[in-house]
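Visitor: Each chain, written out:
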Amino acid sequence: MTATPAGTTGTTETTGATDFTSDELMEVNAARALADATTCFVGIGLPSTAANLARATVNPGLVLIYESGTIGSKPTRLPLSIGDGELAETADAVVPVPEMFNYWLQGGRIDVGFLGAAQVDRYANINTTVVDRGPDKPEGRLPGAGGAPEIASNCGKVLMVLRHSTRNFVERLDFVTTLGHGGGPGDRKRLGMPGAGPTAVITDLGILRPDPSTAELVLTEVHPDVTVERVRAATGWELTVADTVGTTEPPTPHELAALRALKAAGKPGKETR
Amino acid sequence: MTATPAGTTGTTETTGATDFTSDELMEVNAARALADATTCFVGIGLPSTAANLARATVNPGLVLIYESGTIGSKPTRLPLSIGDGELAETADAVVPVPEMFNYWLQGGRIDVGFLGAAQVDRYANINTTVVDRGPDKPEGRLPGAGGAPEIASNCGKVLMVLRHSTRNFVERLDFVTTLGHGGGPGDRKRLGMPGAGPTAVITDLGILRPDPSTAELVLTEVHPDVTVERVRAATGWELTVADTVGTTEPPTPHELAALRALKAAGKPGKETR
Amino acid sequence: MADIRSLQDAVADLVHDGDTVAMEGFTHLIPYAAAHEVIRQGITDLTLVRMTPDVIYDQLIGAGLVRKLVFSWGGNPGVGSLHRFRDAVENGWPRPLELDEHSHAGMANRYVAGASKLPFAVLRGYRGSDIPTRTDTVSTVVCPFTGEELAAVAALNPDVTVIHAQQADRAGNVQMWGLTGVQKEAALAADRVLVTVEEVVEELAPRPGGIVLPTWVIDAVSVVPGGAHPSYATGYSTRDNAFYQAWDPIARDREAFLKWIEENVRDNVRNSEGALTR
Amino acid sequence: MADIRSLQDAVADLVHDGDTVAMEGFTHLIPYAAAHEVIRQGITDLTLVRMTPDVIYDQLIGAGLVRKLVFSWGGNPGVGSLHRFRDAVENGWPRPLELDEHSHAGMANRYVAGASKLPFAVLRGYRGSDIPTRTDTVSTVVCPFTGEELAAVAALNPDVTVIHAQQADRAGNVQMWGLTGVQKEAALAADRVLVTVEEVVEELAPRPGGIVLPTWVIDAVSVVPGGAHPSYATGYSTRDNAFYQAWDPIARDREAFLKWIEENVRDNVRNSEGALTR
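Residue numbers (the working numbering), protein chains in the order written: chain A, 408 to 680; chain B, 408 to 680; chain C, 338 to 615; chain D, 338 to 615.
Here chain A stands alone, though its shape is the one from the complex (with noise of 0.2 Å):
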């Protein structure tokens, strides 16, 4: 499991005659990326929340599997864990996680691993681990690793999703606990790592993508009403640009529908409070 740093709250947007927040453009461009998977690894917070829009939007069979032991949970609301009930309930098939991570992970059967971050380099490298917090203090203690080491290395390829912050989008990572690229092209076919790694960073500003010749993270896409400027502002390295740089569609009627009934669905403690 990999955390997704709390705390940060999407600021509402308008675009056109729907309105929509920051997060819900992050959120929705994440569930279109999984328009092709079969399935799906799933990271809880940001990552289930777009799986699990993508299984209600763009891809209704796709099937997603938690590290829990559970594949092809079909749950109706977000889960809060990856051991909530519904996720077992709602299986295909339910394994003992040490199955999970042997035959279907690390046995190369999972299309793409979707993953949160605390900090991401601009080779897509992941640090979920310590923080350092200058030279008198003691690191900053994150969750750790969970899954995302082998996610990252095994499965078909990685999509990441985070908030797009200088905190988050660093120069150099405190502490490397899941690599993407590496140190740039050739590093994951010389580790021997079977997938292909990051392939689209979705954030609340816009979308980045490995460069193929140099692996190095570049802006290929920016929200609606997004500037570059204001996308490399809140990245912590002098972030390419694509010649061309593309505006995600704002989301449709049908996809905020449908991304709001989820998370009104999925409260969390709604049904126990």
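By construction, these hints were calculated from the structure, which means they are not laboratory data.
These numbers come from a predicted model, not from an experiment.
Glycine included, every Cβ here is placed at the ideal spot set by N, Cα and C.
Don't take every hint at face value.
What the hints assert, rightly or not - Not everything, but these chain C residues come out facing chain B in the computed CB check (under 7 Å): (1) Thr364; (2) Gly379; (3) Gly412; (4) Pro414; (5) Ser440; (6) His441; (7) Val449; (8) Val519; (9) Asn578.
To be verified - Below, a list of computed lysine-lysine pairs in the DSS-like style, where the Cα atoms sit at most 25 Å apart: (10) A:Lys564 with C:Lys454; (11) A:Lys481 with A:Lys670; (12) B:Lys544 with C:Lys405; (13) A:Lys596 with C:Lys454; (14) D:Lys405 with D:Lys454; (15) C:Lys405 with C:Lys454; (16) D:Lys596 with A:Lys544; (17) D:Lys405 with D:Lys596; (18) B:Lys481 with B:Lys596; (19) D:Lys454 with C:Lys454; (20) B:Lys596 with D:Lys454; (21) B:Lys481 with B:Lys564; (22) D:Lys454 with B:Lys564; (23) C:Lys405 with C:Lys596.
Dock chains B, C and D against the given chain A, drawing on the hints supplied.
Guide: Structure of chains B, C and D alone, referenced to chain A:
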């Protein structure tokens, strides 16, 4: 699974008031050897007969474990194979075969491994792979190792049951499939084998046990009306005989009745013919 | 995703001359009908893999389709030898049979490594045994923490795994229950997977001991009621122990064997199993 | 063989100062009541092991009973940080906390090795990660067949594993179902096993997805209805997500935390859970 040589049938003997065969003597004594066990990894054939008879007589709580994955099978008839349906239907748990060998057997969870054999040598090593049929002839093919090498290595101790003849009790194995006591004391320890190894070989003539100081099989008991000379003649090496050779207790009427009931119920193919 | 299709087409598409094929089943759920279709199609030069090769492998070997057997115990359980297997090994009839022989623990772990896409598995096994002298798929590794030397066995990754299960749904998801042996590992270790099933049901109801293989790890599902006979399918049939005993005299004699295969397998019209597969 | 006995006696007999203890559960079936009994008895200097240490480990750490944590993801799922865990790691309060940190795949395989009584397990993992620089329980092995270098992780063999399950029978056989995580591995890897259960039933009816642990691998069974709360037991309760969210402000503040432990755990009389365990 270890093969038991077919084709030898017990001869009828008379002792006191009871009629029983030499096979029945072997089977009853083999069952008695399980009196104190909690769990038994059961080979098919004679070991399975013995283990099921133990459940019907000296050890009703004995947990039978078959390599097909069944834990706590309680068959009402002798299974023809280690995969008969009744073994699973009456089990406390059915586990995948890899789990059986890794968690339960290698995991050191099983008190007694009960094996048959095609050839045994004086150190209770076992051959179930190939037999030498002379210089100009191809090797004779036996079924192979099955579970025996790791059963003999990892169970707390090993019991063996097979019919006594110079064909089976040989001076030198043509192939070591399964290590018993190797070349003598210390060999198991040197090889890092957790279990104590073979502690008794029960035959239709009597019982052989390894000498604590030499690890060589010694004749410690004969069955009623069997002479030491007859056992020597049926053994392919110069058999060491204990200073005092005991005589096994004849089968009780209860033991005989239970054994015959099991065999009658377990007549192979009975219900499908 | 699994297509639901005829056994004839599925075997023709998925099993090729020279393939390494695992037809698994631990007494239970042995895919006899699929193996008979392999015989009818004369798919040959096979390397067969199985922990417990029994009568069905005896038939494939006797039919001359097998060049190598990877196994750990070859017999007719509770009855005796596999005579066609012995004849091939001892006398090279109808062709020589190469062997790669292991213990059960080793074979089970070879499948586990295969399903895990690891090149090898580790076990505390083969100690003091002559088995490693006759195979190049057993070696050793040293624990980097304790220094203990352990057995390493090479992964098994069949070209094709063929299994029989009780049920599939229309999407090609499969469920089996009862003794499920190493079937999951054998399927997940293979490049291609063919599953024969007793029936197609609207929905796979979760069962105690049930194992589900999702459609996206299976290439084809063929509906073959009774396709495990003389083995059995818990909930559908019982083991035909009489057949296993009747097999012994048939397999002892080359002519009797050939006649049996001709009449019961190759002659599709007289083969009720064949009829059921269309 | 498992004795069915009070939680108080079972914990006192099976869990000792300085032990390595695994209290497993993947969100589901987390043995809260047993951990609270450990707090009440003040059993200390523990090395705690778990893939996903959550609120219950936060409580044990905050109570000052833990010297080392072996884990792969430490958080309050869906809510945020474990503040007591962070306070111990970052500030050494109430005592320093040593860490042995892995990935999930590594931890799962460490349990598998432990249950298999192997000294290590092999996986294709940790590649390019800094994790191995901070632990001495990750190393490498080379495949003797292909030459590939793979990760080796040291086996985990806890002194005691504590789990919660739905049911036991009178003989002490246990069945759990739903998400069963790594509980079987954690139990079979341990020297001693304590299971708390929702209830004792006359017979364990086989369940879809059910895992049975036979009585002869368990030391004690304690009947503690609701013993997984705020985690849950499928078939008996649902996850109290509100509790997990309410925990966040409690755990942020040392005083609030100590007061909560005093009132809800140590003060047995006011603790409904404690009342249920007698």
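Visitor: Going straight from one Cα to the other, do Lys596 (chain A) and Lys454 (chain C) come out at no more than 25 Å?
Guide: holds, 17 Å
Visitor: Does Lys670 (chain A) lie within 25 Å of Lys481 (chain A) when you go C-alpha to C-alpha?
Guide: holds, 15 Å
Visitor: Would the hint linking Lys405 (chain C) and Lys596 (chain C) be met if the CA-CA limit is 25 Å?
Guide: Holds, at roughly 24 Å.
Visitor: Would the pair Lys481 (chain B) and Lys596 (chain B) pass a check requiring their Cα atoms to be no farther apart than 25 Å?
Guide: violated, 35 Å
Visitor: Taken at face value, is the distance from the CA of Lys454 (chain C) to the CA of Lys454 (chain D) at most 25 Å?
Guide: It holds: about 22 Å lies between the C-alpha atoms, which stays within 25 Å.
Visitor: Taking the least C-beta to C-beta distance, is Val449 (chain C) closer than 7 Å to chain B?
Guide: OK, holds: Val449 (chain C) within 7 Å of chain B, min 5 Å.
Visitor: Double-check Pro414 (chain C) for me: the hint is only fine if its C-beta lies closer than 7 Å to a C-beta in chain B.
Guide: holds, 3 Å
Visitor: Hinted pair, alpha-carbon criterion (25 Å max): Lys596 (chain D), Lys544 (chain A). Please report holds or violated.
Guide: violated, 28 Å
Visitor: Between the alpha carbons of Lys454 (chain D) and Lys564 (chain B), is the straight-line distance 25 Å or under?
Guide: Judged against 25 Å, a Cα distance of about 17 Å means the pair holds.
Visitor: Does the structure keep Lys405 (chain D) and Lys596 (chain D) at a Cα separation of 25 Å or less?
Guide: OK: Lys405 (chain D) and Lys596 (chain D) at ~24 Å, within 25 Å.
Visitor: Do the alpha carbons of Lys405 (chain C) and Lys454 (chain C) lie within 25 Å of each other, as the hint requires?
Guide: With a Cα-Cα distance of about 23 Å, the restraint between Lys405 (chain C) and Lys454 (chain C) holds, given a limit of 25 Å.
Visitor: Under the criterion of a CB-CB separation shorter than 7 Å, is Gly379 (chain C) in contact with chain B as hinted?
Guide: This hint is violated: Gly379 (chain C) lies away from chain B, its Cβ roughly 26 Å from the closest one there, beyond 7 Å.
Violated hints, listed in ascending order, are 2, 16, 18; each of the other numbered hints is respected by the structure.
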